[in-house]
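The primary structure of each chain is shown beneath.
2 protein chains.
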Amino acid sequence: MTSSQIIDSVLDQVDSGLEQSLERLFALLRIKSISTDPAYAEECRKAADWIATELKALGFDAAARPTPGHPVVVAHGPEQVGPHVLFYAHYDVQPVDPLNLWHTDPFEPQIVEKDGRKIIVARGASDDKGQMLTFIEACRAWKAATGSLPIRISLMLEGEEESGGKNLPPFMRDNAEELQADIALVCDTDMWDRQTPSITTMLRGLVADEVEIIAADKDLHSGMFGNAARNPNQLLAEIIASLRAPDGSVTLPGFYDDVAEISPELKAQWAGLGFDEKTFLGAVDLSVPAGEQGRTVLEQLWARPTCEINGMSGGYIGDGFKTVIPARASAKISFRLVSGQDPQKIRAAFRAHVEKMLPADVSVKFTPHGGSPAITVPADGEFLRRALSGLTDEWGKQAVITGSGGSIPVVGDFKSILGLDTLLIGFAHVDDQIHSPNEKYDLESFHRGIRSWVRVLGALAQ
Amino acid sequence: MTSSQIIDSVLDQVDSGLEQSLERLFALLRIKSISTDPAYAEECRKAADWIATELKALGFDAAARPTPGHPVVVAHGPEQVGPHVLFYAHYDVQPVDPLNLWHTDPFEPQIVEKDGRKIIVARGASDDKGQMLTFIEACRAWKAATGSLPIRISLMLEGEEESGGKNLPPFMRDNAEELQADIALVCDTDMWDRQTPSITTMLRGLVADEVEIIAADKDLHSGMFGNAARNPNQLLAEIIASLRAPDGSVTLPGFYDDVAEISPELKAQWAGLGFDEKTFLGAVDLSVPAGEQGRTVLEQLWARPTCEINGMSGGYIGDGFKTVIPARASAKISFRLVSGQDPQKIRAAFRAHVEKMLPADVSVKFTPHGGSPAITVPADGEFLRRALSGLTDEWGKQAVITGSGGSIPVVGDFKSILGLDTLLIGFAHVDDQIHSPNEKYDLESFHRGIRSWVRVLGALAQ
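Chains as they are written, first to last, in this note's numbering: chain C, 1 to 462; chain S, 1 to 462.
So that you can see chain C by itself, here it is in the shape it has in the complex (with noise of 0.2 Å):
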């Protein structure tokens, strides 16, 4: 047989076993795996040993792993052949409150249909134990019809993405020798709209910090000292006023020194994706793009960097009125980060910054929240063409590479603690409702997901 024709047939596996495949979904849909929820912790276990039970009885050496919170399935295959990805999923899912806006049992998973789509509806079905499944059930579908897996496959499947648990980067240090691959693979975010199929290359980092502006040693009476007395409410606005210029660009010396301009290739890919600057703004009520001008939203979204307050607060902020002039006012502050921006470099800069700006008498406490650089898959990479072309060839339209506004904490573990570059390959779709209520995945997600799997992972074969 052609190299298409197994792929043919491996695809003809995942059509008739479609049944059997969501079978298989809604067993591990009915498992509670609400991380967050200590009185859920059983449920965890058992969806981690659900799981390695039925990687094991595709031949894989996997084992539901202890941690000091809930286990990781690690997991390899018996192939020794090609290159050697490791998957990333996470079978634990966010709690279910408010349960009367459900239409159905967030447990007892559904098929309906919906604008005339079939949809799977329940808590986890897309984010994402409908998504890990894509790529365990195209394993399953290799193996039926070839008999093998087509290259070196490792698993490593989380059960706390959902309770920004700790214990994962630790257990991949622990496990650096045995999770080593050539490159990861992560099934946990959406296609680009239903018809395109994206795999997205650029993660923002993130700088936090918090920071507060001490003045009197204690509140006053601002009838007594209002004039006189230096306001931190004041002073703070003056820092945060002049962390922009009134183009939208960020001040901080030196905030755009490593930040490189996107290539025209990518500049052109993104104009051609037909983003709609109003439809986006307008979904939450704005309509002018607030960042630096001249730059197209994606843009400002996915390569450039930014400065948010995420919370500012000082003095009365009761009910009514009081004339108090406070002795402490506080913000908490990120940075997103593009590739280049060092995050201890940032944070150094704000800080310097901010130190600048401050009278004689006042003085500032910084606490960091934590930090992490952006991340870039190199776009020229073959293990990206591959997955790309896989794609392509399922949806019968060119797969696009996207950014993404957002971090996702695994990523940088992957590069970090396992010199690991990553693609994001995901099926889900923006109307998912996932950590809401009727929560859904579409069944062509899941469908064509396990198809998308077994053409990249044929792909990559290659």
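By construction, these hints were calculated from the structure, which means they are not laboratory data. Every clue listed holds true.
Below, simulated EDC-like cross-link-like pairs (lysine to aspartate or glutamate); rule was C-alpha separation at most 20 Å, straight line:
1) Lys278(S) with Asp193(S)
2) Lys322(S) with Asp217(S)
3) Lys322(C) with Glu210(S)
4) Lys322(S) with Glu210(C)
5) Lys218(C) with Asp361(C)
6) Lys118(S) with Asp15(S)
7) Lys143(C) with Asp61(C)
8) Lys218(C) with Asp431(S)
9) Lys218(S) with Glu277(C)
10) Lys218(S) with Asp285(C)
11) Lys278(C) with Asp219(S)
12) Lys218(C) with Asp285(S)
13) Lys218(C) with Glu277(S)
14) Lys32(S) with Glu108(S)
15) Lys166(C) with Asp319(S)
16) Lys32(C) with Glu108(C)
17) Lys278(S) with Asp361(C)
18) Lys322(S) with Glu212(C)
19) Lys365(C) with Asp219(C)
20) Lys365(C) with Asp319(S)
21) Lys278(S) with Asp217(C)
22) Lys56(C) with Glu23(C)
23) Lys365(C) with Asp285(S)
Beyond 10 Å from chain C on every Cβ pair, some chain S residues (computed):
24) Ile6
25) Ser16
26) Asp49
27) Asp97
28) Asp105
29) Lys118
30) Asn167
31) Leu179
32) Ala271
33) Ala461
Reference excerpt, derived from the structure (chain S facing chain C, CB under 8 Å, subset only):
34) Lys218
35) Leu281
36) Val324
37) Arg336
38) Pro359
39) Ser407
By construction, the Cβ of each residue, glycine as well, lies at the ideal position given by its N, Cα and C atoms.
With the hints as your guide, set chain S onto chain C.
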């Protein structure tokens, strides 16, 4: 007898009757007239009745008059000679918590010695029962020594000063004709220092506004939207920062248009007060005056308007960090005004300034929190001159004219409802711990406060 001999005889009466004056003060201090706590309503009524009874015994036509809240005691002396003064004080007191910080029972007054001075310790000893009785006991001494009061005297003594009671202005409006007089006297302020009596002639006014900036129609994730979506925290900070120029002045157009410079005489007199800016700011751990450069701290506090950010909040302000771009941010902002400034004009200038800074897709909501103009008693008035001379005679040191950075609403009401100027004369000290545990009034404040009023009433009678 010469008028000087008459005054001396009244002062002798004060001295010889001091023990009885103290007994009456103690009787009033034992009444728990905490106005803000409904559990003490009966005690408030008791205090009002006690005062009315005392005044009736002195020949006043006196009664505790009902209001929707606590009673107002109104009394009129029988004399029709000389100028007509309306004396104001309040018989209600602050709550006493935290009780465990009191060294003695707050409602069992004691005279103790502290730093070589005798002090009266009790809730209300200074604020305002002790101050109130200095005037009533002066009336008593005049009556005892001469058989009558030297001028026409009315009193209005309220019971809701400490509970923000809104019942006094309507009461004044309803009884405006009965409350007519030539000048109001208020005994609720401090001396300049232990040696120097003072009359406060300038009180700043106040305009308070709440401003809410509304951007997106929901909170946004700063990864998804950061840079492209307007952050209302940032915008609010820019608005606040724009309110002050680098030289410390307020930037609102027209803000200083109606602000007059203080007279060279007053300036010289304030310069002679020996006010130590370093000590004043140092007491609250500050050292750099924050207001207009080139103005003394006293000028900044008493004679220059200010803009203060009393409260500011937006986004996530709890523990930890959330990368949110909030939909809204808000601030409570007040302007302390000086004589000549129109509260409505200032409020309008502020709102126009805010609206001018809003991008097309951002809206604003304003909530007014009251406004009142500044009060200035004409510095060349005859009543002021006489009262200063009476105080100077008693203390053997030139009485000074001071300003106050704060507002005393009743003084504005005297002006706006009754058309009356007010002389603010008091004998309290900054260390009286009013509103705090272990409130005290110096025995000297009480004794020489009575003597001071004897002389002031005598001077007004000339």
